[in-house]
Amino acid sequence: MKPRIALGTALFLALSCLRPSEERASADLEVGQAQQGVLSVNVDDGLAAVRALDDNQLVLWGSAPSLSFELTASVDRQVRVDVQNCLPDAELQVLSGNADVTPLEDSGTPTRKSWRVALTAGTVQLGLAAPDTDDTEPFRFALLSDVQEAIDRVSDIYDRLNDVHDLRFVLGAGDLTSRGTREQLERFQTELLRLKIPYFATLGNHELGTHPDLFHEYFGRGNFHFRFHGVAFTLLDDASASIDATVYDWLDDWLAASRRDVHIVAMHIPPVDPIGVRNGSMASRNEADKLLARLAEGRVDMTLYGHVHSYYSFDNAGIPAFISGGGGAIPERFDRIGRHFMVFDVDAQNGVTARSVIKVD
Amino acid sequence: MRALVLASAVLFKTALGAAAAPQPAAAGSTTVAPASAESVAAASADAADPPAESATTATRAHSGVLPVAAAVVPGLLVRGSGHFALRQPRTARNLLLMEGVGLGLFLGGGLTIVFTGASRYFVAPAATATMLGFGLFSTSYLADIYGTVSNDGAAALSRYRPPARWETELGYRRIEDPEFAYRDLLVERVSRQIGPLRLSPSGIFSTRGDTARYRIEGQYRLAGNVDDPRPRDVSFLDLTLGFVHQRHRPEHFSRSSTELALNGRYDFARLGPTLRGAFFELGAGYALARTDYDLAGIKVPADLEHVLLGRVGFGVTLRGASAPGSEAIVYYDHRHDDYVAGLKLRGIGSGVLGHFGVEARWFFTESVGLALDAQAGSAYLGGASLLFRSGASRPRVASMPPTETQP
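Taken in sequence, the protein lines are chains A and B.
Read in order, the letters of the first sequence correspond to residues 1 to 361 in our numbering.
Read in order, the letters of the second sequence correspond to residues 1 to 407 in our numbering.
Bound-form chain B, shown alone (with noise of 0.2 Å):
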């Protein structure tokens, strides 16, 4: 409990550090302030005790492999290891308090489920406990090491955009699942910003016909950057609401569901400098579902289920030729009712779990890019779309990368 206390008042003032921090431009300006990443990384993570750690010195340290070393293997079990071989001792631990709560609550839910035998009463609030741990505690990990490797932080900063008025999306997925025939799937999706709200309708579809998925999703943007043409933070809580409907013709059941979700991003940079340009996304919500079932000359009455929704994943923005926007992320989503749903493990615990999956979404230019995806769960997918996005691009400025500065 004190360990939540404690992480709750770090995100408090790492929060408000963020606020305090200098604001952007205003939307549609054409005269940036080159403001420095840095100034805005140190305002966060360190307003309340000077002196700020730094990105800059922390790159100094770079040239050794001991930090890296540090965060991947006495960083399996002590977060902050990495970053406390860069000198960064606040990063450190802010790292590892987020172990130590992601723990905690994995430890916390995990042993309610096991000793209240999964309780009808109790199972949700646990399960979703043990995911929220399950993310702090595996993206720590994932943190420290980025930190540690990571040193153009500034680059990530110039990378932020804020979401595309609209964006296109087609592709293919190939899925490989023994359970049915489909195996070639096409990918579309449309989506529009309006204000903070974002609309999107999207489909799958199996080339052979025999099944396909509509989904159509507003998410209204509760906190976050949505027109700022140049944010310095990736933050935002999203609450989502969707409908689903997918339809399986040969095996004759088709299933709808409403859902609604909160779904959230945090920006690394907020615990510490070096994480400038990873971001910890978490989800969670609920669905009512109805499997409605098509037998020739038999009346068969629906079913409805209660789903438990959740994700957690860890994200970097990418740099190098990658135009703004360009981000991958490593995850895990507890959904089971989707083309790929639980994994299924040769021991004891199958089906419980969700399944785990790589998002990455790459622009060559301001308004075309590439998405990949690939997802291992009850089945194992894989593929890639083209993406066509406009508006609210980020303006063109003289000061990009911004300049790194000393405290």
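Isolated chain A (complex conformation) (with noise of 0.2 Å):
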């Protein structure tokens, strides 16, 4: 070929990406993984992130309200297990395996606990959960995403959720920084130690802005499901405006997991915008289309988003959405929302039963 048509080629290429999520589905299946001295650690589904390991300790970052991992040690241990970003009440336990658990004291923040684990050398499985998680009664959760440059101001909205009764955790729709910086995602974590109960949040096209891989570091997969009081919660990565083609696969299993359950699906970039002419959706509608025949085809029951900072109330496929992008990020003006939030009264048996927006101005 010759050089100027090479150059051209390369420079119209370079216009665009077709996946540009791909490397972060791919650091989705990382998550959970570290081997470190004498200890290894597995969290079953990537539904932790471990954010330190050596000889004597273990700190993992919570994505979901219960979770179980394989601790392997080489030699006999004791191993402090402390674990961020989990239910106030969650307890640790020896799923199987020869090992032995003891809770530390309090660390005064309700969403961060420790527990000694005595552990003979070889493998155990231990489960992190609160005794009612596989309870079908109705509970209650939240929907707060988009705080971006807000964070000096998020700490009353936090106020405002630790007044709501009965609120198990919160989801995030993604962008809870502006650029995704370190400093930034250590910021937005220290905010969080206000919180009475745990953040579990997939990323937005905000976190995408310096460095990418940094999210996954911090808080874990952008892909994600899990269950609770027998309903089903997916958390979607569209933060580039698009699912990568293997998280599609990944959506199938856990669609047809939940197909007979009560299901709740998030992710940051709304499909289809409700106001089309802005384009605050997904990059291809076909995409989008695509995907919401999915859900639909899989019975989801709730469609949550972020990404547009506002409230909206719409359905999808028939499917009912809610755009809640109140966190505090440049709102969308004469809209007279401002920043807020949402809250879900959900029941294993009747679906979602209640739902409120919670205006924190």
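Calculated directly from the structure, the hints in this document are not laboratory data.
None of these values were measured; they are calculated from a predicted model.
Treat each hint with caution, since some may be false.
[Claimed, not checked] Facing chain A, according to a computed beta carbon distance under 10 Å, are these residues of chain B, among others: (1) Y121; (2) L186; (3) H252; (4) I329; (5) S378.
[Stated by the list, open to error] Which residues of chain A face chain B? A few of them, derived with a C-beta cut under 10 Å, are: (6) V101; (7) T102; (8) P103; (9) A245; (10) L251; (11) D252; (12) A256; (13) R260; (14) H309; (15) I330.
In this text, a Cβ means the ideal position worked out from N, Cα and C, and glycines have one as well.
Bring the two chains, given one by one in their own frames, into a single complex with the hints.
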């Protein structure tokens, strides 16, 4: 090929990339796995990020209300296990293997708990869950997204969240930070100490501003699935206005496994923006329609989005949908909403039984 | 605002200049006067303030690389740099004004979007202004380079022709889209010009049978040439009404839309004689789309969506061995609902932008040609079509190309 043609072709193709989230989907598979010295850890389904691991300590950041993990020691060992971003009433139990678990003194932060685990050489399966995890009683969760540069004011949103009775956790539909830098992710984590319940989030496009890989290091997978009280939750990484082709295979499995259950799916960018001319939606309408057809076929009960800094209630493919981007980022003007979050009551038998928008300002 | 007013004044002035130019012979005439391309261009660009700049004097300066270099490097910031170096100050000023207006619209629209938080009440006009601004800003750069490189505007003029009465297209496209399995597409299109109205049914079909897109559009020419066999200006304004139906059988959905758009082309020769053979395209419109889902055993209501349409492009008339009507266009299309949709980027801004493309139509003879098509957005698409056309051909005249004259 002539150099001029090659250069022209390269420039043309450099305008875009077809799978911008491919590396993040691959990174999802690495989340929750680590090996250091005499210890190795493997968190099932990647539902926690390994924040630190050495011969004496394991620190996890939870992405779900309940999770399990394998801890392998090559010698007998006393290990301190710290789990951050967990339910305040979560308990660590031995699911299989030979180990003793002893709770350590309360850290003073409800979402951070510690245990001393006495391991004998070999592998032990540990489970972290609240006592009522497998109940099918109704429960309540919240949705908060798009904090971005409003991190300085997020504490009063957390205070309002703390005032909501019986709230078990908060879902985050992305854009925790404005640029996704290490400093901003650290700051977000620090501010979260004020919140008395865990915050399970996927990433938004603003986490891709500088280091797209940092989110996984701090807060774990972008695509994940968990269950709580018999209700299935799926969070998807569509921060690049598209879902990677690999993730559609995972989604098919999650949809199939939850077809008969109440199933709530959250992601940052709505597949279709209710104000279509704005294009606050996926890059391709065809992909959006493909995704919605799958969600409808999987009998998803509710879809939750962020990205648009306002509140919208609509249907997509017959599925009730809510956009709640009220974390404080530049608001959509003249919408009379402002900073807000949403609260949902869910029942494994009856689905989403109630919802409300809580205005903060 | 002042820049906008100034730009409007220039556009009106140049439009009036073109209108005041000698009228071409009537359609069908076989004794066309050998009108001078240069005189038309000069009349259009410089009618109000002689002495006019001419392509001929500009051509003398083409021997140096300075104008080209000036258009490429300082021209990135200051449009018209190439034409200042080419001693075409009026054209340079027009390009600079075009850049200013474009930048103003781009920033005005963009900042409106940012500071209203993409408010539902402002986003459509603001996004349209942003697109228009981007089009003016970017094509003024390309036009400046074009004017310093092109020295055969008269040859371009000799390639202008009216729309063919009939045109058919049969082609192949290869598409790479990680989200869909189809790869090989057949393209068919028929186009019929009836007076100012053009009807164009078309179809795109996957060879696997898993997707198809049917489109029929009617374009009514509000302004611009329809039947003049020797047009001297390629500007036009069309009103387009289109219906599209797209099927994706394996993914269980189909999408239908009705769209209304204004599509225009502006002949850059109106801004200066050295720009003869280049043009700027702009389209803006609205579509109402409906998605139907076809899921076994599940009744799913259809979704409705409002779609903003927009397109800006920079094109040139091809010369050399090509027959009249040959041209190439590089463009930006704001569509997010076609096989190639919005750009997917690695950073923050993924999804908002539409896609980019290049189209070229090369006619080997009066009747037979080849179309090349390349697009990059949510997918990569490339391919070619055979073109056949008839009717409204350019009459054979002895005066091709027209003689360039000094003012």
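Violations among the numbered hints, reported as their numbers in ascending order: 2, 4, 6, 7, 8, 10, 11, 12, 13
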